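Peer 1: Each chain, letter by letter, is given below.
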Amino acid sequence: MERRDFLKQSTLASSLFFVPNFVKAFENVSKSTFKHKKLVIIQLSGGNDGLNTIIPYTNDIYFKNRPKLSIPKNNVIKATDELGFHQNLAPLKNLYDQGYVSIINNVGYPNPNRSHFRSTDIWQTASNADEYLSSGWVGRFIEKYGKNPYLGIELDDSLSLIMKGENMNGIATKNPNILFANTNTAYFKKVLEQQTDAHLSEHNLGYLYKTMIEAKSSAKYIYETSKTYKSSIAYPNNPFGNQLKTTAEFINSDLDSKVYYVSMGGFDTHANQANKQSKLLKTYSESVEVFVNDLKKNDTFKDTLILTFSEFGRRVQQNAAGGTDHGAANNIFLIGENLKKKGFYNEAPNLVNLDTNGDLIHTLDFRSVYATILDKWLQVDDASILNKSFSKLDFI
Amino acid sequence: MKQKHIQHLYWRASFGIDIKQIESLKSTSKLKVVSKLMADSTEFKNLELDLSEFDEIKYKTNKELKEKFTEEEIQKLKNKKNRKVRDLNYAWIDKLGESKALLREKMTLFWANVFVCRDNEIFSIQKYNNTLRKNALGNFRVFVKEVAKEPSMLKYLNNKQNKKRKPNENFARELMELFTLGVGNYTEQDIKESARAFTGWNFMKNGDFILQKNQHDFEEKTFFGKTGNFDGDDIIDIILEQKQCARFICDKVYRYFINPKVDEKRLEEITNIFYKDYNISNLMEHIFTSKWFYDEENIGVKIKSPIELLVGIQKVVPVTFDKKQQLNYLQKMMGQTLFYPDNVAGWKGGKSWIDSNTLMFRMKLPSLLLSNAVINLEEKGEFEDSFEKYYKSEKKQNKYLKITKSWESFDEKNQHLKAKEMIDFLILSKLDKDTATFLENLEIKSNRNFCIQLMSIPEYQLC
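Residue numbers (our numbering), protein chains in the order written: chain A, 1 to 396; chain B, 1001 to 1463.
Hints may contain errors.
As the list claims (entries may be wrong) - Derived, one-sided and incomplete: chain B residues facing chain A with beta-carbon distance under 7 Å:
| hint | residue |
| --- | --- |
| 1 | Lys-1036 |
| 2 | Leu-1037 |
| 3 | Asn-1062 |
| 4 | Leu-1065 |
| 5 | Lys-1351 |
| 6 | Asp-1385 |
Claimed, not checked - To spell it out: a stretch of chain A is covered by chain B in this simulated footprint if at least three of its residues, at any positions, have a beta carbon under 8 Å from a beta carbon of chain B; those stretches are:
| hint | region |
| --- | --- |
| 7 | 84–93 |
| 8 | 97–108 |
| 9 | 116–124 |
| 10 | 204–215 |
| 11 | 258–272 |
| 12 | 337–347 |
Stated by the list, open to error - Some chain B residues judged to face chain A by a derived CB distance under 7 Å, without partners named:
| hint | residue |
| --- | --- |
| 13 | Lys-1323 |
| 14 | Met-1333 |
| 15 | Val-1374 |
| 16 | Glu-1378 |
Read the hints as simulated data drawn from the structure, not as lab findings. The model shown is predicted, which means the values in this text are computed figures rather than measured ones. Virtual Cβ for every residue (Gly too), placed ideally from N, Cα, C.
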């Protein structure tokens, strides 16, 4: 952000700062009833190898580039004439067969960065490759349309950049009991109990008190509201399954939160990829299937959209260690009941026309995906959240 | 000097000051206090780990290494070497709390967030850190030129790959955007031309800078309206001719050392000082001796960075971490791990340190450090981790920090303080009215206890 813009924004923000919340809420009433729509974002952290996930099983170039790592045709769960699922994605294929999945190929951005940190920043802030933003796109959504941090929940103990706004952030918790307990520790509680009225016009001190009060009320709200529903379906017993289980409990308790962010680790497969990725895809797809069933059982699936992405794909050519190195464009998954374009949204990856690193070239900008979700699903003004207008896609 | 002013000075120029030192400075004039602060920073020690066990992989070629070790042994040694950056992190935190060169250490931390760099190679990142330390109070012109030639920087911003036939503009762009001028104060053409001047910049195995003549573009370049056969140093000189460069750095200094809200008139004042000769010491001395630095509006209004918070507490009650990894845990939970900045733009600081989760954690930090409080939150895994490792600590609920505390040292200095004196000593910010009432009605069991309580109110987050 330009310094001048930043100054402008921060003065604007500070003048907004003490406008009572109810006034702010009126200002930002959304176009219509986005009220019940939920978005669940899953990041496959480390860079998932998209080509061994959705496999171009009839493409010779794929097999030539991966003599050791390619998935034999017979092991692929075929979906189209060109593409099929990894065999451990059978649960995802089930969802696909029911018309709940839309796969968008070749998603990325110009001048792709191959550092996990930087590329995650870019995906999370929705910036250009040469631009540094200090707020995440979900954070900006929360800031613009929310009164409380719980509008966006990260299923973790600390908050990622994606959930951070400038003056209002989401909140992180993988266990509402612990979160609630932590806002009830001796000093936090005692200091807050003393607070009588509107706080301090002091710049930073006011911000601290405001954040503290919001933290406390969000923690209380999440804790008390989410008590009403406990999942009875058995989830795969692993941390990712638990994250989704908690998410389902939040959604099914009718928590007023709109966006959930879950990060699943382990996808940085530079060596011995085959086994590692197989396991990961199994964990991912089994957990997601149970999650969808849990939501369906409670009639909340119709209002939930699940986006799965990774900070980058991996190189077309395998490396010497039985793995793949950091790449560029990749596929993303959208899962929901109301998809307009079910199955494969666009063309299969082009393995002939690669960039100078030997990586897939993107044909769709990831911010078009965000813009579409913001506009058509959450029904808010996408351009003001993404700082720019991006062409919309047609998947919902 | 007034107590509050001494504290203000020492919080900004360092990480706070203990009550005994405050007492000893009260009768001294501001000029003398500041000049001693400056003088104390002339001598300093480098941050250095014993890395002798890695000498062979540092100096030997791959071929020589393969003659002596197996592939596996080399990999093992390299992995071990890469983990040393963590140790350097712990050593740096210790140094921040212990060094006598107070201002130099604080400035080193400041510059590390201006000339942001990240490198897993221990030799080069250690060298880089010491280059920051050496120049922290020196001449900015020399500073920029030295940083630009550091192996870590040549790697981090791809200047190493910047070659005559295939220029890489990354360093040239960030040099202007983030290190010297700020966005919008140069053209795309300036980037292209200056990138050519930095072609062929590289380093040797021992870390020394080298200009690879066959990769360098000796042709004419036009940069900021000037034309000549410029090399990288010339480019830096031309950048520094722009007053915007002095302003850009002074703006960062202002936000970090004076007030997150910039007073344009004061900024202009210090910019003029700095622009004269780019002497960092002079700039800092001017700020610390000026009357307005001690204005009420500048005191206790800055949100402490996680490192300032952590080191500041240790200055009051010295602690040692029996398990150094727990220092890493604390930094991760609060969002600032030294040597691991998020990206080349560095930590934004200020309000961005604070969200619901970090604030709860930060307010719990004093009891975690000083009264064996239990914590049940886990840090995030790393990108490179396997699935199992990513969630590794999942099951280790309810941990506490293994720490040795020197309460005796605290008692010796602070035992005699009355409640009001304790508040004045620990809290620089204005007190929220309700919190003040709360403190007044608090039954004080001991000063140890009261110290932890005071460190746990929101006001302690400010300095």
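Peer 1: Decide, hint by hint, whether the structure agrees.
Peer 2: Verification of the hints:
1. At about 30 Å, the closest approach between the beta carbon of Lys-1036 (chain B) and any beta carbon in chain A exceeds 7 Å, and the interface hint on this residue is violated.
2. A distance limit of 7 Å between C-beta atoms decides the matter here; for Leu-1037 (chain B) the minimum to chain A is near 25 Å, and the interface restraint is violated.
3. Violation of the interface hint for Asn-1062 (chain B) is found here, the shortest Cβ-Cβ separation to chain A being roughly 15 Å, above the 7 Å cut-off.
4. Hint status for Leu-1065 (chain B): violated, given a least beta-carbon distance of 18 Å to chain A, over 7 Å.
5. About 6 Å separates the beta-carbon of Lys-1351 (chain B) from the nearest beta-carbon of chain A, less than 7 Å, and the hint is met.
6. Annotation: interface hint on Asp-1385 (chain B) holds; nearest CB of chain A at approximately 5 Å, less than 7 Å.
7. Counting residues of the region 84–93 of chain A whose CB lies closer than 8 Å to any CB of chain B gives 0, which falls below the minimum of 3, so the coverage claim is violated.
8. Coverage of the region 97–108 of chain A by chain B is violated [criterion: at least 3 residues with CB-CB distance below 8 Å; count 0].
9. Requiring three or more residues with a Cβ within less than 8 Å of a Cβ of chain B, the coverage given for the region 116–124 of chain A holds, as 5 such residues are present.
10. With a cut-off of 8 Å between beta carbons, the region 204–215 of chain A has 9 residues touching chain B; three or more are needed, and the interface restraint holds.
11. Coverage of the region 258–272 of chain A by chain B holds in this model, with 5 residues showing a Cβ closer than 8 Å to a Cβ of that chain against a need of three.
12. Closer than 8 Å: that is the beta-carbon criterion, and the region 337–347 of chain A has 0 residues meeting it against chain B, so the requirement of 3 is violated.
13. Evaluation of the Lys-1323 (chain B) hint against chain A yields a violated restraint, the C-beta minimum of about 19 Å exceeding 7 Å.
14. Given the 7 Å rule on beta carbons, the hint for Met-1333 (chain B) holds: about 6 Å separates it from the nearest Cβ of chain A.
15. At about 10 Å, the closest approach between the beta carbon of Val-1374 (chain B) and any beta carbon in chain A exceeds 7 Å, and the interface hint on this residue is violated.
16. The beta carbon of Glu-1378 (chain B) is positioned within 7 Å of a beta carbon in chain A (closest approach about 5 Å), and the interface hint is therefore held.
Figure legend: structure checked against the earlier numbered hints; hints not met, in rising order: 1, 2, 3, 4, 7, 8, 12, 13 and 15.
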